[in-house]
Structures are given as C-alpha cells and as structure tokens.
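*Asks:* Using the hints, position chains B, C and D against chain A.
As a plain string of letters, each chain reads:
4 protein chains.
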Amino acid sequence: MSSTYGTLFKISTFGESHCPGVGAVVDGVPPRLHITPELIQAQLDRRRPGQNKLGTQRNEADQVQILSGIENGISLGTPIALLVANKDQRPGDYSEMRNIPRPSHADFTYNMKYGINASSGGGRASARETIARVASGAVAEIFLHSKYNVEIVAWVSSVGEVDAPGVNIHNISRSEVDAHEVRCPDAASAARMVEQIEHVKSDKDSIGGVITCVCRNLPAGWGEPAFNRLEAALAQAMLSIPATKGFEIGSGFAGTRQRGSVHNDPFVQKDGRLGTVTNNSGGVQGGISNGETVYFRVGFKPTATIGHEQQSVKARSGCE
Amino acid sequence: MSSTYGTLFKISTFGESHCPGVGAVVDGVPPRLHITPELIQAQLDRRRPGQNKLGTQRNEADQVQILSGIENGISLGTPIALLVANKDQRPGDYSEMRNIPRPSHADFTYNMKYGINASSGGGRASARETIARVASGAVAEIFLHSKYNVEIVAWVSSVGEVDAPGVNIHNISRSEVDAHEVRCPDAASAARMVEQIEHVKSDKDSIGGVITCVCRNLPAGWGEPAFNRLEAALAQAMLSIPATKGFEIGSGFAGTRQRGSVHNDPFVQKDGRLGTVTNNSGGVQGGISNGETVYFRVGFKPTATIGHEQQSVKARSGCE
Amino acid sequence: MSSTYGTLFKISTFGESHCPGVGAVVDGVPPRLHITPELIQAQLDRRRPGQNKLGTQRNEADQVQILSGIENGISLGTPIALLVANKDQRPGDYSEMRNIPRPSHADFTYNMKYGINASSGGGRASARETIARVASGAVAEIFLHSKYNVEIVAWVSSVGEVDAPGVNIHNISRSEVDAHEVRCPDAASAARMVEQIEHVKSDKDSIGGVITCVCRNLPAGWGEPAFNRLEAALAQAMLSIPATKGFEIGSGFAGTRQRGSVHNDPFVQKDGRLGTVTNNSGGVQGGISNGETVYFRVGFKPTATIGHEQQSVKARSGCE
Amino acid sequence: MSSTYGTLFKISTFGESHCPGVGAVVDGVPPRLHITPELIQAQLDRRRPGQNKLGTQRNEADQVQILSGIENGISLGTPIALLVANKDQRPGDYSEMRNIPRPSHADFTYNMKYGINASSGGGRASARETIARVASGAVAEIFLHSKYNVEIVAWVSSVGEVDAPGVNIHNISRSEVDAHEVRCPDAASAARMVEQIEHVKSDKDSIGGVITCVCRNLPAGWGEPAFNRLEAALAQAMLSIPATKGFEIGSGFAGTRQRGSVHNDPFVQKDGRLGTVTNNSGGVQGGISNGETVYFRVGFKPTATIGHEQQSVKARSGCE
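Residue numbers (numbering that gives the first Met the number 0), protein chains in the order written: chain A, 0 to 319; chain B, 0 to 319; chain C, 0 to 319; chain D, 0 to 319.
FYI, nobody ran anything at the bench for these hints, they're computed from the structure. Be a bit skeptical, because a hint or two may be false.
Where chains are identical, the list cannot tell them apart; a pair therefore holds if satisfied intra-copy or between any two copies.
Distance condition first, Cα-Cα at most 20 Å in a straight line; then the derived SDA-like pairs of lysine to any residue [said to hold, decoys possible]: (1) K269 with Q309; (2) K203 with Q257; (3) K86 with S118; (4) K200 with S172; (5) K203 with P265; (6) K203 with R258; (7) K86 with Q64; (8) K269 with D204; (9) K86 with D61.
Just chain A, same shape as in the assembly:
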C-alpha cells in the first residue's frame, strides 16, 4: 500500500534522499500516447528548488530517464519506469543527530515504525520523494490533456497572512502562474508574499501557505459513489504530500456557515449540456464530477527545518 497509488492507472514510487535515485513505475498508461523525456522534464524543472532566492538553496538538476514502456516517443501500454538520479548518493554515517529527533520531522516516527532511519537527509520522508510524483503526474497529465483536454492549474493562494484573492479560476493559466517566482499570478499579492517570505527568512524562520488548484474540462461522471468519491480520492492524494494539514473543495469550510438556499447550485442549460449557475459544489455532486470546474485548496504547515535552536530530547536507543 505504502508506495503504490491507483487502480487502473497506478504509480509505485521509490527513493530516499541519498540513495542512487528516486523514481516511479507508472502502470496502466494507455498505449500510443506521445510521451517524451522532455515533456516530463518540463514539469520536473518547474518543481526544482533553487530557482530563485526565496526557496531552498539547492540546485538539483534533476534529469529524468525513461527506463521502459516508451519507444520512439510512443507509449507501449506497458509499465513506464522513470528514474531521477540523486546527485549526492553517499549515505552519511549514523550520527548523534538521529538519536536526537528533530521537532516536527519524521525522524522519531520512522524510528518507532521501522527501528531504523536513513543515515542522513530526510530518507524516504525527504521532499525528494515528490520528484516521483511530479514525473508520474506529468505522464497522467499528458493522458488527461490529450484525451479529454483537461487543464490543471495550481498556484500559491496564500503565504502566512497574505492572501491572493483575485484569481479567476475559469481562465487562469499555468504560464501566468509561472511568471512570478512565488507562483502567485496575482501580482500585488505576489509582491507582498515575497516581502513576507524575506522577512521570515531574515528571522531564520519558516512560514506556511495554501495552494489552490483548478481542474477544467473534466467530463461529468468521474468518481464513485462511496469510498472513492472524487473529493475523497483528491483529499487522499493531496494529504499524502509532505507537510499538508488541510484540504477543502468548492465552498469548503466557509460553506459550512452558509444556508442550503444559498449553497445549492441551481441547474441551467449551458451550451447544450446541463450546468450549474453557481459552483459551491466545486464540480462534484454525490462524489461524481458534474462537468463544472473542480477546484480545491490545500494547506501546508511551515517547513519544520528552521535556523533556530529548538528543544528536543535524546532518545535512548534509536527507537524509544
């Protein structure tokens, strides 16, 4: 279960911070899709830290290699294995640090579960694990876009107390998002976010934030009635990303304060299909997409790694 996700389209990820590489086996990809390393690399480049002075100061030139499942740029229908080599592949010596678990990191819980920790870096809990998700997600997006014209755009909608309210979910594009270093397409808010981050960094501290994601052009009928409601699947996927603490779809927590007469989305005819006037549902009713735009927000806690001295305690023997 741990590292495999999905039923028909299924990804199995692997990799720690300092092992030879991180990657994924992506199974269930339809045959005859046009997939190239460049198309996947484009997303890994968007992920890469060290692109500006605000984020983590590492330059990880993560180059993806396609090991199988694609020939001459065409998918074969067989598993696609993706590998990104780690630049620093030398696990360290087991050291004192591991016996003093870092607050709000995974050191302690991994030790309790496995009785062992990777000798250095975050091990499997490293943010490098998300490389496998980005590469796999790039493959998924190629399919969704080429077959259904699905468009997925996500951006930073708040950093600490700075919100970016003025983004139109109906036409915001990925290039507008990428135009700003904090990935917030609302220029005024973006400027305040930069200020906020620089201020926090100067205090050797970190700050949390929220991303908003929209998925346009989903056909009606995706999702399942019970345990795999579309919002349930999205919530699982999102909360499985390191540092996430919350998920809300459509009206979300704000919607809990509304009345049904306001919250219900009336049906109208739209371009020959049934659509809704408002979209408090966030594109999902009864767990199944209704053809409207799906949108949701995901909350990230502040990064646990900070420059401050922090209180911790020496664990007796590695796993106590």
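*Replies:* Just chains B, C and D, lined up with the frame of chain A:
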C-alpha cells in the same frame, strides 16, 4: 473500488434507500473478539435520525443482523456480514422528478455516470448508506478499543456561525457528547446551535456545520510514508462521507499562517516515552502517528434538501 | 484479500455452514443489465446437492435474495448484495470432534491460523461457501453473455480412472451437460462414472475427478502481460475452489512432452479475422486471449469425508 | 494490476527486451534485513542464459543495481528499487516481421490489445521480464529464510518424455540441483535429458518440460480460506510465468484417480507438533499451510521460437 475500503481490515458496503436492506461485509476482523449485535446496535442507535425535533423527522428503527463471522458472541476470523433491513422497501415508479435533477443532489451525476437512477429516494447516494459505515465502524472500534485502548470521540464543533471552542480534546468523553441533542458537549454553544437550527428550519432552509474528532491512545508507528499517510487515509475516509467539503488535521488551515518556530512541536520525556509539548502536528509526523492525540475537523455543507422552490431544468432523456 | 476477488468486477463473499446465511456483495456490475432472482436461482439450482442419489444426501433448497443494486429487474450500477439463508442456522456446542482434527479437512489449519473453529460443520471451509461463488458467477455470466455473447460450459471429464474423451469443445452445450446426473455429456462414459461412484460409495469411500471448462467467443485482447495473465487469473480462481489440486490450460501437462513444431498454433484467416489452425495454446498467447476458444481442466481430490475410521490425534488445546 | 503483485509484500515490475532496463520496485520489505547486491546477483547468475550449450545462446551479464531502500547492506523498510540494464538498448525499426505474427508468440495478442508492439524482440513478453521476478524473489527469499528458515528448491523434473522420478523432496538441496547443467539432480535422468535436448536441437526444434518445487519449513497457518488460498496464490504466481500451461500441488491430477481412504493424510504427533503420515495434500489443507512440506509441479510448453519455417498470415494493419 467504489464500495470496498481498506487493505487488511476491509469493508464492502451495499444498499440503496428503498431496496431490501443496507449493510456491509467486514473482512479481516481478528478472531476471538467479543462482538455482539448489541454492541453494534448501540452505535446504530446513536446514528438514528428522528431522535429529537432538530434533525430529519423519520423514525428509522434500524436493527442490525449479524449474518456470518460470529458465533456465540465470538469472532471467527472470517468475514462478518451485517444487514439492516429497510422499512420502506418499495422502490417507487420512475417519475417526473428524476428528469428534473434536484440542485446539489446526486441525481444528475448518477444519471451521467450510470444512465439510470434509483426510482425514488436518494438511491445509493442516500444517507442510509452511512448505516453500513456505522455498523462496520462499530466492529473496528471494538477491535481498536479492546486491543489498544484507543478512544474515539467526535462532536459537533460548529453549526453555521456558532462555534463551540471550549472542548478539551484530552478528556472529552462520548457520554458528554451524547448528553446534548445536538451532540455538542459545550452547553452554552449547544444552546445557541439549537437556536440557530430552529431559526433556519422556520425558514424552510438548512445550514452546514463542522465536526471535530479526537483519537486517543494510538500507539506511535501507525500510517505509512507515502500514499497511505495516516492523515491521507483519514482524509479519504472523511471526504467519502456524503456532504463533506473539507478536512483538516492538527493546526490545519490556521497552521498555514504560523511560523515554523511556533508550529514545531518540541520533544519532551512523557511518562517514560518521547512526547511533544505542543501538538500542532495533530499526532502525525511524516504520515505516521507519534503517540500524541490525533485530532481533525470535517466540514459539512448545508443539506441540499430544503423546503424552498429551486431553479432546475428538465433533462432531455434521463442522462443529458 | 481473503474473501474479496477482482478489481473492477469485484466480489466479497461471506458465510459459514451454520450461520444465518451465505452470500456476496458483487460490485462493479454495469448498470442497465437485466438481472432477476430467477436468473441467479437457476444456477444455484444446478449447484444444489441432493439432486440425485450419487452426491451428498442433503436437500438444500437454497433460495437467493437480492438485497440491493437491482430495481425492477435492472441493475443500478451499485453493489448487488446476494443472500442465501442457511436452513440449519444453529451452531453446535464446541465438542470433542474439534480437538481431534479430521484428516485432510481444514479443522487443524483453521485452528492454527485463528485459534478458533466454527463449532460444527465445516465453518468457512464448508462447501456452502461456493454458493456465494455460484450466485456471483451467475451475475458475471449475465454480463459476459449479454455484452459479448460469451458461452461458458463445464462438465465432468473424469471420475477416478474413468475418462470421457469424446466431448467436442466447439459445440458442447450446457443443456447436454445437465442431461446426465453426473454432468458428463458423453453418455457411455457417464454410465461408467455412475458405476464407479456407486462402487466407491458401497465401500464407504470417495473418489476424485476432473472437470473441463470451455469459454467460447472471448474477444482477443483480454488478460494482462505479467501477473494477471488470463491463465494466471483462471488458475487462481480455480485453485481457490475447495478440494482442487491442479489446473491446466490448452495442451497442459501433455503439451510439455511435445515439440515446438507440433505445439505451435499456425495462424490462418478465419471469417475475416486472424485465427489459428490448432489450439494448443488454449486460446491464450502471452497471457492475453487470441479469440480462439479458451479451455482448461481442473483436478479435484477425493472428498475428505468418508465412512471409514481414520487415524488422528487429539490436539492438546485446540491449536497445537 | 498488470505488473504489480502482492498485498503487503508487493512487487511492481517493468521492462521490455530492448529498452534501457528491466527491474522492479519491491515494497513491504521489513526493515533491518541484511540485503546486498551480491545476494540478489547470485540468483540472477543462476537465471542467466548462455551458461551451457543446451539453452539459449546469449551471454547476458545481467548486473543488478539497488537504487533505493537499502543502506549499508541493511533494508530501511522503504521500497527497494532494482534495475538491470539491457545490453542491447536499441529498439529496432518497425519491420515486416511484426505484421506477420509469429505462431504461439505474443505478437498477435499484444497487437490486438494495445494496437502497438515493441519494434523488436519480445517486448514486454520477452523472457527478460523474468529478471525482475528473479531479483524480487531473491529479496523475498532472504526474508523467508532469515525469519522462518524457509527453504525453497526447484528442479527440472521432466524434459519431453524423460522423467526424473528419483528426487527426495525432503532433503534435495539447491546445490545438488545446480550441479548439473540441466538443473536435474537425478544424474541418470539428467543425462537422458541432455540427450533429448541435443536431439531436438539438431532438428531445429524445441521441447517442453516440467519443474518441481518444494518449500520446506513453512509454519502452519499461511494462506487464506477463500480466494487467496495458498495453492491459489501459488497457481497464479506460477501461471504468470511465460510459457506455463499447468500447475498441480501435492497429489495433483494423479490424486483425482485415488480414493479418499488412500488420499487422506492421517495425523500423527511429530516432534511435539501435529503432523501427517502421508502428504498428498502437498502441505496445504483448506487453503492454509499445515506445517508439512509444500510441493508443486509446473508445466512449460515447448519454446515457440524454433528454427523451422512456419505457417503464418500477414495481418492487415498491425492490429487485425
């Protein structure tokens, strides 16, 4: 996938609003547990609508029957099938209503997905589906409590704009919750919630709310590093409940506005184990329980069924 | 895993010999199929012991009840729960017999695994468990037949040393099979089988046998390259039936003695599609159906229950 | 489903004949096991073709690389990714051969399923796919042996008409098997097998065979009552290997001709545990291991690749 949940402990649910019954097959229950119909019925009785004048005005005397897997009050290790008969087992005639989908109900999306709807009631999207979850959950709780002394308590922490801030997650008990008809253990807030609900009902309207849930005594080490992080599994489970729009664990969305120096939970020695001073993590670090109390909030939109006239449109042929 | 089978079409079975009932939740059934209790009952009637003097002398009038997922004879796309009540629903007292495990029954291994046995009858290892498979299989067959015109016919092809070689896999029909009480459509062989069984019964003994099954009209392209090769999925399904000891597809074990030049199935044009001259492959190449008839044999050991005294040993405390 | 196998211990394999590499992600491996590339390589070396003049004349120096999950020879509990580079990584040009499907190869069925074939070699249907199984199996064996002292030995028990009856399943060892180039530990039979193979090769033909496998020291209690009976899981695993046509456990098809009084395995006390006098059950009763030796046979058809001209037909457009 749709109606099966879990890997080792696995439930497969069934049932519409007006078919002979709703229920579940609960597989992976350890042998030699003491399980009786009464223990399961106690939770179904807590679920039952019509217990007070605030909720839905139906009196559903839902009696659970154990069909298999238990003999003389002892589990055999084999699948436990649970059945609750529906009182009204007559599906209606297909009628006009189904061609005019009700706003923010599942009529339209089920029709788009399946090309057919149950002839009356909510069908599989009916709240009666949750009977199977409550019955299965009662079995799960028997195991968790008898084996690990896990305590799970959930309560209504807001209704519309009325919040109930004063509940202590460390010692709140289920009986304190059940003592009030709105299942809010903060008496003053509960009184305001009743007022709020009655006001909304007099307007033939509905209102949303939030529940908070705490899980105490989870051992450290539960959950998985990647896709089955404990918070991801909880989020999926919670967002699979009808009418939910949001999930947050620990500090949640409020935590996104904090700094790392404030949000990080310092370690201390606690009764011979490593614990944390604060618990912004909500009992989970790196996707794995750390031995602290797990707590989370789930947002519910206002019920879609209201007494008002609403705007809708006749679909052409059932699935357009 | 234990009691759930399948990915998109998924069955979850339950039931012991003396609990209230046995049955299954059948999930993933397409909507708008015509399914009635009568169509399922017809297969349960074919399964029922006590239809003649040769088999087990019980008259189990197993009546299926559809609990959900079907309305007015039409499937809704939601889980279909099927229940067959047990006539004898009284579990016995725990008795001496369980401490002396019966040779080649499941008493001992269940005790080792679970530390408990059903108090009487075979419990979950009872042949009554196959009721759930027959009922679920009836639903599967309705789909396969109505959508793809797939025809499945199985018959007894040997009893002990008596073989029935003269059955034509290309046109044998289920009604021809059902015409004889031993379900062998080769009349001369069937007569010898009856003799064989009566002889063994007069010795208070039992005898094994083999069934052959053909599946006609499978389209090319079913099955998967690696772990879910069609033959692998069939082998798992067949070897999960109680008392089975062997499975072979196409040329089977006899084919291992052939040369490739004889065994290979040359391609020819057949009615506008590519077909093969011979069919040693049994309709499967590379794990995927090729459009030819799939056929396989399944071996059943002699029933463990015999009239003889047998050697056993008292286990010390139920699970040793 | 296709390329992932297992529930708690799970492998996801990838790789075609001429892509950069074949391998697997092995998830669910317990932490703190001693696992090195050398221990895995030892099994890959045993698999490697070209070790003698009898088999395929290729020298594939398949070197395994551990990409993740192991540090300093110790497993971390995280996914272990294994990679074996292909020496010939250049996919060919699409050529005539693919339009004329080779008899009893997977060319035709892959084309029907995917509408595309790897441009050269067997693609995903290549025997190189089994590299991933051998490497993953080596990891599984390390666990089974170090934790339970399970011993697994398999050998060639027939080639064409030549059987090797005189092998003692209770003490045959892997080194005895490896001592002979045909992997048959019965020297006289092995010599006749060599003769048989050389004779067939001189005819530019191929021949089938059977392997027998024994698993010793399995504790009682492994396996599940219904769909994951131990024999069902073994049958699926075995029939998922390319070229297999049959599986039998314990007495197998021969047992179907026996009487129950002969076939039943009487219980006796054995070294302080309950054991059986005979072992027609093959170590499994009711789908669950009983502590006796598990043994089974797997039939392989003759290799489809032969030196003869064979009949085939040009498919019209690649997938007809």
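*Asks:* Does each hint fit the structure? Answer for all of them.
*Replies:* We went through each hint and held it up to the structure:
1. For the homomeric pair K269 and Q309, the shortest alpha-carbon distance between copies (18 Å) is at most 20 Å, but the shortest distance inside one copy (57 Å) is not.
2. With identical chains, the CA atoms of K203 and Q257 are at most 20 Å apart between copies only, with a shortest distance of 14 Å across copies and 40 Å within one.
3. Proximity of K86 and S118 under a CA criterion of 20 Å is satisfied intra-copy only: 16 Å inside one chain copy versus 33 Å between copies.
4. Taking identical chains as interchangeable, the C-alpha atoms of K200 and S172 are never at most 20 Å apart, the minima being 29 Å within one chain and 42 Å between chains.
5. Taking the shortest Cα distances, K203 and P265 sit within 20 Å of each other only across copies (17 Å), while inside one copy they are farther apart (50 Å).
6. In this assembly of identical chains, K203 and R258 lie within 20 Å of each other by CA distance solely across copies; the values are 10 Å between and 44 Å within a copy.
7. Both within a single protomer and between protomers do K86 and Q64 lie at most 20 Å apart by alpha-carbon distance, with minima of 14 Å and 16 Å respectively.
8. Proximity of K269 and D204 under a CA criterion of 20 Å is satisfied in neither setting, with 49 Å inside one chain copy and 27 Å between copies.
9. Proximity of K86 to D61 under the C-alpha cut-off of 20 Å is restricted to the intra-copy arrangement: shortest distance 8 Å within a copy versus 25 Å between copies.
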